[in-house]
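Peer 1: Chain by chain, the residues run as shown.
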Amino acid sequence: MMQAQEHPLEKYLRVDRLPHVWCPGCGIGTVLGSYVRAIDRLGLDLDKMAMVSGIGCAGRAAGYVNMDSFHTTHGRAIPFAVGLKLAKPELIVTVFSGDGDLFAIGGNHFIHAARRNCDLKVICVNNFNYGMTGGQLGPTTPLGAKTTTSPYGNLELPLNLPYFAASCGSSYVARWTSLHARNMIECFEEILEKKGFCFVEILSPCPTVYGRRNEMPEGLDMMKLFKERCEIRNFEDTSRVGLNQEKIIIGKFVDEEEKETFEDRVYSLMEEVKWGGSR
Amino acid sequence: MNPGMHFLSGNIACAEGAIAVGCRFFAGYPITPSTEIAEHMAYRLPQVKGIYVQMEDELASMAAIIGASWGGMKAMTATSGPGFSLMQENIGLAVMTETPCVVVNVQRGAPSTGLPTLVGQGDVMQARWGSHGSYEIIALCPNSPQECFDLTVRAFNLSEKYRVPVILLMDECVGHMYERVFIPEEVEIVNRKKPLEDKRDYLPFLPKEDLVPEMALAGEGFRIHVTGLTHDERGYPATNPEAHEKLVRRLCEKIRVNKKKIVDYEGVLLDDSDVLIVAYGAPSRTSMRALREARKRGIRVGLFRLKTIWPFPEEELRKASSNVEHIVVPEINYGQLVLEVERVCKGGEVHLIPKMGGRVHSPREILEYLINLNR
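Protein chains in written order, with my numbering: chain C, 1 to 279; chain E, 1001 to 1375.
Just so you know, the hints here were simulated from the structure itself, not pulled from any lab data. A portion of the hints provided could be inaccurate.
[Said to hold, decoys possible] To give an idea of the interface, some chain C residues facing chain E are shown, with a C-beta separation under 8 Å as derived from the structure: (1) 9; (2) 13; (3) 17; (4) 68; (5) 69; (6) 76; (7) 104; (8) 159.
Ideal Cβ placement from N, Cα and C applies to all residues, glycine included.
For reference, chain C alone in the conformation it holds in the complex (with noise of 0.2 Å):
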């Protein structure tokens, strides 16, 4: 009999977990293998690593991987990971969450993550709708597109995400799909060696609850929409990268030279300080 051999990629995973909950045809497996593929290039030590989820399909991802992970409540992923990291700052904390979760009921937090700097690298598997509850609007559903929720089409305006992360004042954000795995891998290395608050937008296929609403059945026809339409636009304005064109404009966007944190300045300030003092 052949001995099984270990998958070389089994060590970043919880194993004992699978399968996963994800369905055929989805993207977040994609982007979480690409994501643990970058932290096998970098050898970085996953007990220096902690990964923290709201709710949803992306969500899940936490408990997955084979590191201190953290599946908390709605929304709140980022604030959750703000205090983490301040309470362990030699921690890399990545924040894996969906669109629903960190722009609609989160959004709020991500901006004021993404304001002060925090240290905190936010990966976001747009699949452009509510998919664990079974495909409703969210804020990042595209105008006319058919779900639960918009049964006639949505008449909602979806957002930008990159062009939003860029005016809260992000370091790093940067757009790829689940067909760039190649990509993908090459932008989380940056952003997990990256120093302040990171953002990476992952376009990804909800075949199941959304595709098969917009005439996009099959896992593989919302990635042939991928490879016929992306464009790589490299520090493009990112007013510029809405998803309401023809073209899907995917790249990195923003990556700023290394700037003071919230943790540094935090933690400045406590060697500053005297007892009973002023600075």
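Guided by the hints, dock chain E onto chain C, whose structure is given.
Peer 2: Coordinates of chain E only, in the frame set by chain C:
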């Protein structure tokens, strides 16, 4: 602050109690009448190598202290009614994930925005049942600045011991009351139990004899998974009725079986009383005056003052009230804790002296009630 006697408000005493017991992380959002706690923590925490962070709202404040607690810091937040409502979501997360933390609620007049600057006691039931689901929680209720210090220390210790969020249910009157506060050289400090096992065998939610699991922190190499979903002893989601029954029962039982150790009250002249006042927070102060005046008039009044509201001191109150004719409950609300008193006291007749927020009962009001009862 240096050990010794100080003249402090309840809010400042609460902040100093937190620092004395080792709180090194405060996340909050300004709200009257609790703001002095945040202000004092912002000033004091950096002096003791602690962290103050002002969050964007109370949802975030509560989430941040849970995150900081898993990072190994003793963490707290302070708020009032509207903020306490927002915190309920993550108070539930702290209960489910057994995260030690302290939530101070300096109660004001309510519902809604209510009376921001004036006293209320309307959050008694919210402290008990505010988050969804079946759970047990600990809530302490000081009636003086000294007790704000002492009970904040105790709140942290109980929270660390039982791995449960502990609520310090203050009120505006006590929070803004200035009195002498003695800060001792040392306070009792209880720390959460740490796992000793081999990291590979460690089960983060396997309870010990006291039903409380040992707590590994982030970054210690245990590779814990923590979720608000129903989970097994490994911490993995287990969304089935058996796992749910096992977990939720333990979350309740760890408080229930230890109730005798948690419950604390002050009894005044309980032995010979015909009338018993049951009070907490600001009304317990006016009740004391009413009690003394009533005694001068020959009315045998006793006072059962709750220092822990939740868990409710059922047995202790039942015993104290077994031979009285009347039980009087002055509350700054339209009847909350009185429901518990009615449930527990089988003998005497229970009377509520309600007070809508904004004002404390005057001693005369309570005294007149006592006199009328004895006519």
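Peer 1: So, for every hint listed, does it hold in this structure?
Peer 2: How the hints compare with the structure:
| no. | hint | in the structure |
| --- | --- | --- |
| 1 | 9 | violated (16 Å) |
| 2 | 13 | violated (11 Å) |
| 3 | 17 | holds (6 Å) |
| 4 | 68 | holds (4 Å) |
| 5 | 69 | holds (5 Å) |
| 6 | 76 | holds (4 Å) |
| 7 | 104 | violated (13 Å) |
| 8 | 159 | violated (18 Å) |
Of the hints listed earlier, those the structure fails to meet are numbers 1, 2, 7, 8, in rising order.
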